[in-house]
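Asks: Chain residues, written in single-letter form:
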Amino acid sequence: MKLPQGAKSELTFVGSLFALGLLVFWDTARTEVPAFNLTVSPKVFPFAIALILMGLCAVLFIKILRGDIARPEGLEPGDPIEKSDYKTFAIVLVSLFAYLLLIERAGFIIAAFVTFFGITVAFDNKKPLRAIVFGFIFIVVIYISFTKFLNVALPAGIFKGIL
Amino acid sequence: MSSLNSLLDGFASALTLSNLGFGLLGTFLGTLVGVLPGIGPALAIALLLPITYTVSPASALIMFAAIYYGAMYGGSTTSILLNTPGESGSVMTALEGNKMARKGRAGAALATAAIGSFVAGTIATAILAFTAPSIADLAIKVGAADYVALMLLAFTTVSSLLGSSQIRGFISLAVGLVLGLVGADLQSGLARLTFGNQSAVEGIETVPVIVAIFALGEALYIASRFKEEGWKILPMKGKALMDRADWKRSWKPWIRGTAIGFPLGVIPAGGSEVPTFLSYAVEKNLSKHPEEFGNGAIEGVAGPEAANNANAAGALVPLLALGLPTSATAAVILVAFQTYQIQPGPTLFLTNGALIWTLIASLFIGNTLLLVLNLPLVRVWVQLLKVPRPYLFAGIVTFALLGSYALNTSTFDVQVAIAIGIVGFLFRRYGMPITPLILGLILGPNLELQFRRALQISAGDYGTLYATPLSKVLYVVLILVILGPSLWSLRKKFANRKGYVTK
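Protein chains in written order, with the working numbering: chain A, 176 to 338; chain B, 271 to 773.
Please keep in mind that the hints were generated in silico from the structure rather than gathered at the bench. You may find that some hints are simply not true.
Unchecked claim - Some chain A residues well away from chain B (every beta-carbon gap over 12 Å; in silico):
| # | residue |
| --- | --- |
| 1 | Y274 |
| 2 | K301 |
| 3 | I333 |
Claimed, not checked - Once the Cα atoms are required to be at most 30 Å apart in a straight line, the calculated DSBU-like pairs of lysine-lysine come out as:
| # | chain 1 | residue 1 | chain 2 | residue 2 |
| --- | --- | --- | --- | --- |
| 4 | B | K373 | B | K554 |
| 5 | B | K656 | A | K262 |
| 6 | A | K218 | B | K373 |
Note that beta-carbon positions come from the ideal geometry of N, C-alpha and C, so glycine has one too.
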């Protein structure tokens, strides 16, 4: 059987949502309910949601096989679905993870700056020096206004005592 | 009249110097963020949530009211000059407004959008002020089983009416419900879907999810479809003013737009997509210049813009009176309330009356401030459109991550945010609407609570769920909403077979 263009990746996506339903079902089945009397067990909702999710995914799976391919957001009917730009995507994703790794180790300023700069690189910024200067000022201003004026705690990291 | 007195008290507390300052700051920030391309009111509010973490509830709500309206004003500017609607409610504005701007009539388009929003917002807020308390009075009599029916109806309409495909909407909802399950069960304390993670026991915070699914998801999605070409901003000549003919052609669409937008905001009709579209269709049909539609008809900006604003105020009625959000933006505002341990619902006017009247008063004030400040300043905002794309996305992402972390100063929330960002990317790529997921996450636990409460009262008799007249009506509507689209296409097929030409 020949699948329409783009169907394979969408089938994988819907399949993984089905797997999510299965995971919810399995996790609910294996936990034991505390032994006091409840009218509605805490398992009822998870079971119901898992079954609904799996059922819907199965229906959509069949629909995709019959040619009901999703239209990516922002595209008009008939627009060609272009191949994703994995390079830009990957740099953005790595920048996000950099924040996660650095926020408590190096502090907000470093973490946010690395993320900020990474994303400007991903979106093909032609002037890296300007991005560095501008990004640094932007983040320091945010840091100071949040910690000093809004009393929101952000980790100082290596700038402890300086700012 | 007691409503009027309470409202005047509300004005008194909203007009103190510090609260007025927060209102001013909110209009400024709301417009600032709303003008940025691709950012709608829901994301604007979500991004600005961290600013209010340490502010007092009254000041924070005043700021939110201002941000809410400000983001909508900003969004219409972007739609007109850049043709990138930040949310579904501005699509119609972009359609005609952008054509007007191309003809050198950007000023008139911006003016009719702003003044129309002001007129609609003021009328709608007035209706809100005088109806919400009485709806809340009625709502106190609404039982747990009715709530179950109401929430199921809200889920169904939002999942069915948004996006192009009903089933994808329902899957999005189901994923949101799964996210809502994570954590300790409220009644039994049973840990669900935590997989031994201690941070997960407290449940998934809604703020990181909302911020991530909009901001990170959008950044990843744009990155995956990245092309070098930038935006094309249309120049704006002259001032944002309307001439006599423009006024004459605008005022009726404003009123009609308000009349369409407000009621559709009160009932769960899935946000601003339907009312703005309806208003556009109505104006096109009633217009004396139907040939101008599609080429820059001022009615096509005036009507939908008014409908959009009236709709936003209408959505506050079920939110304040029932605790039921009917759009993504309303859901974000609900989260903002919950950050302060305030649960909107029928008792809200009794428990937090002063606060709510302050909020309503500040809606009036914010609306006026926006009109007075923004029309003359529109050129300043237009400059913001020139922020290069790399900086724009870098700034949005940095802010989103800051908000996720600062909520509990925990890296678990950042992990959640990144994971949800990837989910948001996949949803966009595979045409799944996002609002149902947010509603599922926020209302899912509430639905379970009311469901159990209803069955406890009835001692386990499931018949109680559809025992009241209200719940019966709601379930009938629900079935119609689910079956409607399929029946509609069947009818079309049938008509085609008979040889009618249908569009």
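Asks: Would you mind marking each hint as holding or not holding in the structure?
Replies: Taking the hints in turn, this is what the structure says about them:
With a minimum CB-CB distance of about 5 Å to chain B, A:Y274 fails to clear the 12 Å threshold, and the non-interface call is violated. Listed as a non-interface residue, A:K301 fails to keep its Cβ farther than 12 Å from every Cβ of chain B; the least gap is roughly 9 Å. For A:I333, the requirement that its beta carbon stay farther than 12 Å from each beta carbon of chain B is met, with the minimum near 17 Å. Between the alpha carbons of B:K373 and B:K554 the distance comes to roughly 19 Å, so the proposed pair stays at or under 30 Å and holds.
Among the hinted pairs, B:K656 with A:K262 is consistent with the structure: their alpha-carbon atoms are about 25 Å apart, no more than 30 Å. For the suggested pair A:K218 and B:K373, the alpha carbons sit about 61 Å apart, so the restraint of at most 30 Å is broken.
Violation of the numbered hints given earlier is confined to hints 1, 2 and 6; the remaining hints are satisfied by the structure.
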